[in-house]
Every structure is written in C-alpha cells, then in structure tokens.
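Please model the complete structure; the sequences and the hints are all you need to start from.
Spelled out, the chains give:
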Amino acid sequence: MIEIQLNGQKKEIRAAITLAHLLDELKLKPERVAIEVNREIVKRDQWSSCVVQDGDSIEIVHFVGGGSISRCQTNS
Amino acid sequence: MSDVSGKQNRYSRQVLFPAIGEAGQEKISRSRIVVVGCGALGSVSSEMLVRAGVGYLRVIDRDFVELNNLQRQSLFTESDADQTIPKAIAAQKALRRINSGVSVEGLVQDLTADSIADVCDGFDLLVDGTDNFETRYLINDFAVQRGIPWVYGAALGSYGVCLGIEPRKSPCIRCLFPDLPPRGSVETCDTAGILSSVIHVVSATQVSQVLRFLVEGRFSSRMLHVDVWKDEWRSIAAGQPDATCPCCAKEQFEFLAGEQGTFVTQLCGRDAVQVRPSPSVSLDLHEIGERLRRSFEVRSNPYLIRVQIDELEMVLFADGRAVIKGLSDLSAARAVYAKYVGN
Numbered sequence: 001m002i003e004i005q006l007n008g009q010k011k012e013i014r015a016a017i018t019l020a021h022l023l024d025e026l027k028l029k030p031e032r033v034a035i036e037v038n039r040e041i042v043k044r045d046q047w048s049s050c051v052v053q054d055g056d057s058i059e060i061v062h063f064v065g066g067g068s069i070s071r072c073q074t075n076s
Numbered sequence: 001m002s003d004v005s006g007k008q009n010r011y012s013r014q015v016l017f018p019a020i021g022e023a024g025q026e027k028i029s030r031s032r033i034v035v036v037g038c039g040a041l042g043s044v045s046s047e048m049l050v051r052a053g054v055g056y057l058r059v060i061d062r063d064f065v066e067l068n069n070l071q072r073q074s075l076f077t078e079s080d081a082d083q084t085i086p087k088a089i090a091a092q093k094a095l096r097r098i099n100s101g102v103s104v105e106g107l108v109q110d111l112t113a114d115s116i117a118d119v120c121d122g123f124d125l126l127v128d129g130t131d132n133f134e135t136r137y138l139i140n141d142f143a144v145q146r147g148i149p150w151v152y153g154a155a156l157g158s159y160g161v162c163l164g165i166e167p168r169k170s171p172c173i174r175c176l177f178p179d180l181p182p183r184g185s186v187e188t189c190d191t192a193g194i195l196s197s198v199i200h201v202v203s204a205t206q207v208s209q210v211l212r213f214l215v216e217g218r219f220s221s222r223m224l225h226v227d228v229w230k231d232e233w234r235s236i237a238a239g240q241p242d243a244t245c246p247c248c249a250k251e252q253f254e255f256l257a258g259e260q261g262t263f264v265t266q267l268c269g270r271d272a273v274q275v276r277p278s279p280s281v282s283l284d285l286h287e288i289g290e291r292l293r294r295s296f297e298v299r300s301n302p303y304l305i306r307v308q309i310d311e312l313e314m315v316l317f318a319d320g321r322a323v324i325k326g327l328s329d330l331s332a333a334r335a336v337y338a339k340y341v342g343n
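Those sequence lines, one after another, are chains A and B.
Our numbering numbers the first residue of the first sequence as 1 and each following residue consecutively.
Our numbering numbers the first residue of the second sequence as 1 and each following residue consecutively.
Keep in mind the hints are simulated off the structure, nothing from the lab.
Please read all numbers here as calculations on a predicted model, not as lab measurements.
All C-beta atoms in this analysis are idealised placements derived from N, C-alpha and C, irrespective of residue type, glycine included.
Hints should not be assumed to be uniformly reliable.
Calculated lysine to aspartate or glutamate pairs in the DMTMM-like style (CA-CA distance at most 25 Å, straight line) [claimed, not checked]:
#1 B/K169 - A/D56
#2 B/K250 - A/D24
#3 B/K250 - A/E40
#4 B/K230 - A/D45
#5 A/K29 - B/E134
#6 B/K27 - B/E216
#7 A/K29 - B/D179
#8 A/K29 - B/E254
Calculated from the model, a selection of chain B residues having no Cβ within reach of chain A, i.e. all distances over 10 Å [what the hints assert, rightly or not]:
#9 S12
#10 G160
#11 F177
#12 S208
#13 D242
#14 E313
Pairwise CB distance ranges (calculated) [stated by the list, open to error]:
#15 B/I98 - A/E40: 41 to 47 Å
#16 A/K29 - B/D271: 23 to 29 Å
#17 B/A117 - A/E40: 32 to 38 Å
Structure follows, in structure tokens:
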C-alpha cells in the first residue's frame, strides 16, 4: 500500500496503479473529471500510463454541468 | 448633486479597493457583458455585476419562473412565479430597479448555434449561468472562434467549480473536457439537489474573475473547486491550452455548426421537456390561444400562453418553443407539440 493526498485528504491506495485505475477504484467516469498531480494537470491520454507514486498529491476536479440535459435531436 | 459625484458615491467602496480605483471603475462602467442563463448562477452573478456598475448587461434565458426556483434564484419573487414571468423579463425588471445607471436587457430565448452570434457578438465577456453541457460547449466554440473571454461556472449539490477562459491563452473547456459526457451519465439537480450557498460561492468567484479581467486584463490561472458542505476549498492549476484540443487547437467548432430540426430537451431539475423548432419561428400566440381555448383552459400573459392539456401543462413562447410539464419522455413531448402546435 502507498499513501497519497487526494484533494487534501490522506488516502491509502494499492501500490503500482495508474491514474486510470485510481478513477476506476473511486468509481469516477474519466470523461467527467480533470486530474492534477503534484500541481500539474495530467493530460487525459496519459492516465493509463501514469503510475501513482507514494506521497503524490492528487486533485480531482469534477466536470459539473448543473442540471442534466438529456438531449435527443429528432429531425422533422 | 452632479451625476459624476452621484456615480462616485454609489461606487465609492469599490473605487477604494486599490486594485480597482477610479481607472478600474471607468473600465467596468464601459464594459458589455452577456450572462447566459438566468437561473441560480445567472441571477446571483447578474446582480453583482449590475451593482458593480458594468456598462451594458444582456441576460438571456429561455425559461420562466417557478416556485421551486425561489430557494436559490435570487432575483425572483413569489409574484413572478404566480404569474409565470419569463426569467429574463423578471431579471431585467429587478436589475433595473437595483441600478438604473446600467443598461440591462433581458432576452427570452434559447441560445443556439443560429442565435449565438446575434446575441453575443460585440461583447467583452460572457458569463456562464447555464444548466447544461451542450450550451457550454456552444459558448466555448463561439468564444474561442471570436476570441471573447468567458467564465465557466457550475454547481451541483454542495459542489461547485469556476474557471476563467481566455481563448488560446488559457485552456478552453475542451482542453480539459474534450467530449460531452455520455447522455444519462450525469447527476441531475433532481437527484443531487443544489444548495444556494454554493451557487453564491461560484457566482462570486465568476464575478471576481470578470472584474479582474475588466480591470487588469487577465483571469486567475487556477480552476476553483469547492464543496461547501464538506468545507473543502480547493483549486488546481489549469495549465496551458492543449495542443490536441478539438476546439482551440483543431478549430472543429462542431457546436457552432448547428442543425435544422426540432430539438427536444429534458429540463434541469424537473419533470418537463422543452421542444424547440430550429430555426425558430414566429407564432401568433393569440390565434393559437383562441384555438386551444375551445378545448382547454388557457391562460396568457404578454410573453407566453399556458395551456392545461389533461394532466399536462404546455407553456408556449412566441419563438415557437414549448415547455411541456408533467412528462419526461422526449418522444411523448414531441408528439404533444406536433398535435397542438404543429410540425
């Protein structure tokens, strides 16, 4: 196990997991979040390769829309 | 008392703030701002901007005031809800009463690919008060294409976010979130709820960013994210524009492309669906009201008619939009519209 800071809170997680795995374990959908590791945004295409290290400081921001619109477009 | 000293008196406490001063207040007073959406976020932001003495404020909103808005939509009253006043009209009235020195204009319409240029061209800043992702991506496309700065803001439950976007200098919304969240994957106001306190936090941050941009020409480089219930006040460095961004790098602007047809949209926070013909049409509400009155109870005000169709209620606007309450099925809504308004 390793220890990270997640949004300012200490958290123990399994060692050697990627950011993508972390999102999975947190039950977060990748298209709905942005991730900063050690004060730098990590690009989305790197989440599957970026391995979380002991002592990492991670911020996860949620892409909030307010309400939800399920938009169905039909052509008349 | 001359007009000049009257202006100074009203804004004296803002002018005293060293970063603003007389010069900053002068810039604020010449500014032209659009607030897109005048629900919770838009109400609170509009009021602050008008009190701050912006030059011209345009508020656009497609919806009308209802009772459950009053918990957080600070410009509206019980009377507005009773009379089904469109939010943009109620906001315009309230804002003009607050500061008659600001030019305030309310537009009762949907912001669409067809209309965004007419509504937003020639303005200094766009402020997000919307309740959905599609409109935000549309605003983002337009803002990036035209080089107009805008301030994203959103809240759900006790959580809120805010980010100032200066096209091509800072990340746009698609640099961070390239794709629309899959339909049905997002939390809704009616499942997660929404606190008015986090609305105020997000709006306050948006307005702070607007004023700072007007006075100093820059936004914060950080994206705020807060949870007022958990007492978490945090931000991240937004970084640089993404070189692979579909909007500011690749200039795809697909949300600006727009389409013809009838758009059917489930509305934020309630059992209601909006039907919107595209392009918009011009309806004779009086004639339609008279026709429907033969079979149903119809109430009208200068802006819309309300028709009670069995257990459903349809509110019809002159631009052809209808909000149908009492259902959430999109096809059923479209059918009701086709049956009583036409194709």
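Hint-by-hint comparison with the structure:
1. B/K169 - A/D56: 28 Å, violated
2. B/K250 - A/D24: It is violated: about 30 Å lies between the C-alpha atoms, which goes past 25 Å.
3. B/K250 - A/E40: 23 Å, holds
4. B/K230 - A/D45: Violated: B/K230 and A/D45 sit about 31 Å apart, past 25 Å.
5. A/K29 - B/E134: OK: A/K29 and B/E134 at ~18 Å, within 25 Å.
6. B/K27 - B/E216: 10 Å, holds
7. A/K29 - B/D179: 12 Å, holds
8. A/K29 - B/E254: 24 Å, holds
9. S12: 35 Å, holds
10. G160: Non-interface label on B/G160 violated, nearest chain A Cβ at 7 Å vs cutoff 10 Å.
11. F177: For B/F177, whose nearest Cβ neighbour in chain A is about 5 Å away, the distance does not exceed 10 Å, so it is violated.
12. S208: Correct as stated: the minimum Cβ-Cβ distance to chain A is 18 Å, above 10 Å.
13. D242: B/D242 is in fact no farther than 10 Å from some Cβ atom of chain A, at 7 Å.
14. E313: 19 Å, holds
15. B/I98 - A/E40: 41 to 47 Å: 42 Å, holds
16. A/K29 - B/D271: 23 to 29 Å: 25 Å, holds
17. B/A117 - A/E40: 32 to 38 Å: 36 Å, holds
The structure fails hints 1, 2, 4, 10, 11, 13 (numbered hints given earlier, in ascending order).
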